[in-house]
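J.: Here is what each chain is made of, one letter per residue.
There are 2 protein chains.
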Amino acid sequence: MSDIEIAQKATMLPIMDLAEQKLGVDRQHLDPYGHYKAKLCLDYVNSLGDKPDGKLILVTAISPTPAGEGKTTTTVGLGDALNRIGKKAVMCLREPSLGPCFGVKGGAAGGGYAQVVPMEDINLHFTGDFHAIGVAHNLLAALIDNHITQGNPLHIDPRRIQWKRVVDMNDRALRKVVIGMGGPGNGYVREDGYDIVVASEVMAILCLATDLKDLKERLGRIVIGYKADGKTPIYARDLKAHGAMAALLKDAIKPNLVQTLENNIAIIHGGPFANIAHGCNTVTATKTALKLADYVVTEAGFGADLGAEKFLDIKCRMAGLNPAAVVLVATVRALKFHGGVKKEDLNQENLAALEQGLANLERHVHNIREHYGLPCVVSINHFTFDTDAEIALLQKKCQELGVQAVVAKHWAQGGQGAEELARVVSGIVDNQPGKHSFVYGEDLSLWQKIEAIATKIYGAGAVTADPKVKSQLAAWNDEYGHYPICMAKTQMSFSTDPNAKGAPTGHTVHIREVRLANGAGFIVAIAGDMMTMPGLPKVPAAEHIDIDDNGRITGLF
Amino acid sequence: MSDIEIAQKATMLPIMDLAEQKLGVDRQHLDPYGHYKAKLCLDYVNSLGDKPDGKLILVTAISPTPAGEGKTTTTVGLGDALNRIGKKAVMCLREPSLGPCFGVKGGAAGGGYAQVVPMEDINLHFTGDFHAIGVAHNLLAALIDNHITQGNPLHIDPRRIQWKRVVDMNDRALRKVVIGMGGPGNGYVREDGYDIVVASEVMAILCLATDLKDLKERLGRIVIGYKADGKTPIYARDLKAHGAMAALLKDAIKPNLVQTLENNIAIIHGGPFANIAHGCNTVTATKTALKLADYVVTEAGFGADLGAEKFLDIKCRMAGLNPAAVVLVATVRALKFHGGVKKEDLNQENLAALEQGLANLERHVHNIREHYGLPCVVSINHFTFDTDAEIALLQKKCQELGVQAVVAKHWAQGGQGAEELARVVSGIVDNQPGKHSFVYGEDLSLWQKIEAIATKIYGAGAVTADPKVKSQLAAWNDEYGHYPICMAKTQMSFSTDPNAKGAPTGHTVHIREVRLANGAGFIVAIAGDMMTMPGLPKVPAAEHIDIDDNGRITGLF
Numbered sequence: 027m028s029d030i031e032i033a034q035k036a037t038m039l040p041i042m043d044l045a046e047q048k049l050g051v052d053r054q055h056l057d058p059y060g061h062y063k064a065k066l067c068l069d070y071v072n073s074l075g076d077k078p079d080g081k082l083i084l085v086t087a088i089s090p091t092p093a094g095e096g097k098t099t100t101t102v103g104l105g106d107a108l109n110r111i112g113k114k115a116v117m118c119l120r121e122p123s124l125g126p127c128f129g130v131k132g133g134a135a136g137g138g139y140a141q142v143v144p145m146e147d148i149n150l151h152f153t154g155d156f157h158a159i160g161v162a163h164n165l166l167a168a169l170i171d172n173h174i175t176q177g178n179p180l181h182i183d184p185r186r187i188q189w190k191r192v193v194d195m196n197d198r199a200l201r202k203v204v205i206g207m208g209g210p211g212n213g214y215v216r217e218d219g220y221d222i223v224v225a226s227e228v229m230a231i232l233c234l235a236t237d238l239k240d241l242k243e244r245l246g247r248i249v250i251g252y253k254a255d256g257k258t259p260i261y262a263r264d265l266k267a268h269g270a271m272a273a274l275l276k277d278a279i280k281p282n283l284v285q286t287l288e289n290n291i292a293i294i295h296g297g298p299f300a301n302i303a304h305g306c307n308t309v310t311a312t313k314t315a316l317k318l319a320d321y322v323v324t325e326a327g328f329g330a331d332l333g334a335e336k337f338l339d340i341k342c343r344m345a346g347l348n349p350a351a352v353v354l355v356a357t358v359r360a361l362k363f364h365g366g367v368k369k370e371d372l373n374q375e376n377l378a379a380l381e382q383g384l385a386n387l388e389r390h391v392h393n394i395r396e397h398y399g400l401p402c403v404v405s406i407n408h409f410t411f412d413t414d415a416e417i418a419l420l421q422k423k424c425q426e427l428g429v430q431a432v433v434a435k436h437w438a439q440g441g442q443g444a445e446e447l448a449r450v451v452s453g454i455v456d457n458q459p460g461k462h463s464f465v466y467g468e469d470l471s472l473w474q475k476i477e478a479i480a481t482k483i484y485g486a487g488a489v490t491a492d493p494k495v496k497s498q499l500a501a502w503n504d505e506y507g508h509y510p511i512c513m514a515k516t517q518m519s520f521s522t523d524p525n526a527k528g529a530p531t532g533h534t535v536h537i538r539e540v541r542l543a544n545g546a547g548f549i550v551a552i553a554g555d556m557m558t559m560p561g562l563p564k565v566p567a568a569e570h571i572d573i574d575d576n577g578r579i580t581g582l583f
Numbered sequence: 027m028s029d030i031e032i033a034q035k036a037t038m039l040p041i042m043d044l045a046e047q048k049l050g051v052d053r054q055h056l057d058p059y060g061h062y063k064a065k066l067c068l069d070y071v072n073s074l075g076d077k078p079d080g081k082l083i084l085v086t087a088i089s090p091t092p093a094g095e096g097k098t099t100t101t102v103g104l105g106d107a108l109n110r111i112g113k114k115a116v117m118c119l120r121e122p123s124l125g126p127c128f129g130v131k132g133g134a135a136g137g138g139y140a141q142v143v144p145m146e147d148i149n150l151h152f153t154g155d156f157h158a159i160g161v162a163h164n165l166l167a168a169l170i171d172n173h174i175t176q177g178n179p180l181h182i183d184p185r186r187i188q189w190k191r192v193v194d195m196n197d198r199a200l201r202k203v204v205i206g207m208g209g210p211g212n213g214y215v216r217e218d219g220y221d222i223v224v225a226s227e228v229m230a231i232l233c234l235a236t237d238l239k240d241l242k243e244r245l246g247r248i249v250i251g252y253k254a255d256g257k258t259p260i261y262a263r264d265l266k267a268h269g270a271m272a273a274l275l276k277d278a279i280k281p282n283l284v285q286t287l288e289n290n291i292a293i294i295h296g297g298p299f300a301n302i303a304h305g306c307n308t309v310t311a312t313k314t315a316l317k318l319a320d321y322v323v324t325e326a327g328f329g330a331d332l333g334a335e336k337f338l339d340i341k342c343r344m345a346g347l348n349p350a351a352v353v354l355v356a357t358v359r360a361l362k363f364h365g366g367v368k369k370e371d372l373n374q375e376n377l378a379a380l381e382q383g384l385a386n387l388e389r390h391v392h393n394i395r396e397h398y399g400l401p402c403v404v405s406i407n408h409f410t411f412d413t414d415a416e417i418a419l420l421q422k423k424c425q426e427l428g429v430q431a432v433v434a435k436h437w438a439q440g441g442q443g444a445e446e447l448a449r450v451v452s453g454i455v456d457n458q459p460g461k462h463s464f465v466y467g468e469d470l471s472l473w474q475k476i477e478a479i480a481t482k483i484y485g486a487g488a489v490t491a492d493p494k495v496k497s498q499l500a501a502w503n504d505e506y507g508h509y510p511i512c513m514a515k516t517q518m519s520f521s522t523d524p525n526a527k528g529a530p531t532g533h534t535v536h537i538r539e540v541r542l543a544n545g546a547g548f549i550v551a552i553a554g555d556m557m558t559m560p561g562l563p564k565v566p567a568a569e570h571i572d573i574d575d576n577g578r579i580t581g582l583f
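Top line first, the protein sequences correspond to chains B and E. So the first sequence is numbered by the working numbering: it starts at 27 and just counts up by one. So the second sequence is numbered by the working numbering: it starts at 27 and just counts up by one.
Fair warning: there could be bad hints in the mix.
One copy or two, either will do: identical chains are not told apart, so a pair holds if it fits within one copy or between any two.
[To be verified] Simulated pairs of lysine-lysine, BS3-like, Cα-Cα distance not exceeding 25 angstroms: (1) Lys266 - Lys131; (2) Lys202 - Lys276; (3) Lys482 - Lys423; (4) Lys239 - Lys266; (5) Lys368 - Lys113; (6) Lys369 - Lys48; (7) Lys461 - Lys482; (8) Lys317 - Lys266; (9) Lys317 - Lys77; (10) Lys35 - Lys276; (11) Lys564 - Lys239; (12) Lys239 - Lys35.
These aren't lab readings, by the way, just hints derived from the structure by calculation. Keep in mind it's a predicted model, so treat the numbers as computed, not measured.
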């Protein structure tokens, strides 16, 4: 059965009942969106401050490969399994982006028997959060061009506007556009471009904001561009945009409740890119979940070098979160890919390649334990073609590393297939929870922070940048030196070369560009070409998506 | 008190309770969106087919002026008043567009004590319908450019693509753009443009579709452009876009229930432009309301020459609706404006100007009775500065025309202020309901239909067009000759000159361009420049919109 067929066969319970039954949340604190989605009211969220926090478990992965790893399914499977073994657990996931749904990647509501439902709603508009983010972003863009057209009293340099427009669609034709064509009535001609909504700084802001006040302040301090001197920033608050932007986000800031196939609560909220943004769900959702459950399982984007690093150095630092353990997802197939096997040969047993590919896992395990100071469990996301010999080798190697590796079969079996994983993980967080450290201190210079990430986490031998980039960082040190770094590099490798599989070492990380995300409160350091607007493939997934006369959707995956 | 202050003081009742209490709709047939908005499930809507229809009352207006007329407030006030005098009435309104909220015009949820609530939600994202329409539209646009980039097997002529992109924002810089810049990886460079979401053909389609099947068929037959011969159309279904577009609209097609300040049910659903589209709420909403209530009060955009004409000749014809009466909204101020008074002098009594301006009202009354064959009641939307002499003159003149004119004070007094209007209107529809006729027969040629509208309704002496336009219409006659005409002209005058107030006659209507809206099922005839993407003013309303730490919104109007 396809994911959507499994999802449509689920017996969902009314979310208002489920929230009361599972988490003790009275229905008056919920805004329903249909019968199976709801938003938690902010008053209630804010009222939870004094309750003790549950344990936070991060699910991350080895460096991604085309073979697929399964962070979301593992997060859902582990959450369901924890509930099965009698623990009160909630999952915190990211919201899917519409663009990839119509492109290659498909949706992001888990898969197999480890899914969140209603799958169609979650993958399509959900509760409208991304639409609200897109409109808030584009309102600011419209106000910028209108300001210039109306006489430009702020002296915005039209050549130095860095605030692009966004759309929640894979639309490569919009990457670079020229706007304001058609004569004086349409304003001034200038170059512009579109990003996908998940790449918007408004998304990062919504995910990091602690409350409405913080949200509005962050929106107000967005730097939209500069004056002609190239140095004097223009803020969104200079355009009086932040009040209306925050008003547009009044519901988007409220965490969304849904359920898994096994009727456990998942909070799905926010979904920033994991390259030019920090790639985790909202601080509001995570903090709320920690008040409502004893165990909170959450995920971070891409591999641990990007997702876990940013989760810890950006999100946990800003929000004061203390994760207790990290689950590192790996598959035999992906490890073989890291060991040099081609995608089409991954279903063949290959112990030599597996052993070679283990270098990637080993580096991630090392980073998690040594640099982040957290206990680590390897979750082997089981695939049908995995052989006993491969699994045995993988477990033996993990044992040599002193890390527990558990085979998890949640994709095929639901929570039941991840019960051992749940026992191992809960055993660790109950008995030897970690105390995480940061990869870099707040007081290092911006350049030193970049160096720390590249050398410690990526294993780089050198970090380089053009003098222009270095002087820009130096210029920012006074005012923004306390900001963490948000590294934008390929997720496919520890290095900046997506083809360097395994655990490359001694490589050079070249920082091509740096950007100030002043509303989000971090500096984006870009190593390599970052795609912030995907394209559609030759046969887009959209061609297969359909709805019948009774409203049943097919072809969504 | 401002509109938003009045709205925020309202005592709203839970919409699920209200729908049951007022209309007998069981909560199982509703999808809640928060506690005060809900969508009617399609299964339920479809199950109502056998119930008898209530009476349909159209609220329209004299030709709009900057003085304001008040169609939405009158629709709400009349609906509340009908309920007050013991009639079971539901209002059918259009959804507001976000763009104008941040620009000059503000929201569209009524005003004073004749409002629908929750006002902030209705004016901002509401239930996400417009976002869904925007994404469905932009998905098709992305598929078009992707198709060309991937080799263009359909041979779409990039110079002849008529499917633009949309955004729900007043953003003049996007009216004309160049896309696909930046090299081969970003596709082919071509000219494009953005319309505001309400101008999308997807909006018109959603508003005219009778069910999901019809929706999908209409989406599939959208003409996105032509092959190099300039004649062979490319349809959305050729790009396999319609299934995914319909899936994106699965919730948008469901009518939205909210309440008035007086806790009566209003259905707010759809909101197409009244110039290049037909300017009324959805067929689904109107038909559902007719099954649920004895009286349905609905509105159509702009003045009766555009709104009422399209309501009758497009919407009622396609959907088989039979309105029983028309309420024509007029204000003393607007009539004085039509009589030549400047905006700043409208608060001064001026009987001569009022009498002169009455020509506009007289023409609309004449059209409604003679050309549409419907009984008409004039609703004088009362303003504080109206003098007794002015009101008396207006009523006397209406009496001479044989039309009842009732002073309505719903803006200041709510439904109570429109009780007399409610008694007069219900008396007419109960005792002498109209049987409407069309302005033109379906079998006329497309050009003859345009002539019929221009000469009968606009009072034109001549209708002209370039040979190119006429030959285009002639070429369409075979396949699309049965389509109605959707006239796009200025709303400010019966003529195509916005400055020709009153009731111009003998003027020439020049058709500049014609467009095939094959999904909507009409031919757009454009007389004059039509703005399908508004701009923001020097001080946009957005600058005053704010939200406080507790989530209370201010500055929205």
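J.: Hint by hint, say whether it matches the structure.
T.: Hint check results:
1. Taking identical chains as interchangeable, the C-alpha atoms of Lys266 and Lys131 lie at most 25 angstroms apart only when they sit on different chains, with a minimum of 18 angstroms there against 38 angstroms within one chain.
2. Neither within a single protomer nor between protomers do Lys202 and Lys276 lie at most 25 angstroms apart by alpha-carbon distance, with minima of 31 angstroms and 32 angstroms respectively.
3. For a Cα distance limit of 25 angstroms, the shortest separation of Lys482 from Lys423 inside one copy, 23 angstroms, qualifies, whereas the shortest one across copies, 87 angstroms, does not.
4. In this assembly of identical chains, Lys239 and Lys266 lie within 25 angstroms of each other by CA distance solely inside one copy; the values are 15 angstroms within and 45 angstroms between copies.
5. For the homomeric pair Lys368 and Lys113, neither the shortest alpha-carbon distance inside one copy (41 angstroms) nor that between copies (73 angstroms) is at most 25 angstroms.
6. Taking the shortest alpha-carbon separations for Lys369 and Lys48, neither the intra-copy value of 42 angstroms nor the inter-copy value of 62 angstroms comes in at or below 25 angstroms.
7. With identical chains, the CA atoms of Lys461 and Lys482 are at most 25 angstroms apart within one copy only, with a shortest distance of 18 angstroms there and 81 angstroms across copies.
8. Proximity of Lys317 to Lys266 under the C-alpha cut-off of 25 angstroms is found in neither arrangement, the shortest distances being 35 angstroms within a copy and 46 angstroms between copies.
9. In the homo-oligomer, the alpha carbons of Lys317 and Lys77 lie at most 25 angstroms apart inside one protomer (6 angstroms), although the nearest pairing across protomers, at 50 angstroms, exceeds that limit.
10. Within a single copy, Lys35 and Lys276 get their C-alpha atoms only as close as 34 angstroms, which misses the 25 angstroms cut-off; across copies the closest is 19 angstroms, which meets it.
11. Taking identical chains as interchangeable, the C-alpha atoms of Lys564 and Lys239 are never at most 25 angstroms apart, the minima being 45 angstroms within one chain and 27 angstroms between chains.
12. In this homomeric assembly, Lys239 and Lys35 come within 25 angstroms of each other (Cα to Cα) only across copies, at 24 angstroms, whereas the closest approach inside a single copy is 42 angstroms.
Consistency note: the structure conflicts with the earlier hints numbered 2, 5, 6, 8, 11.
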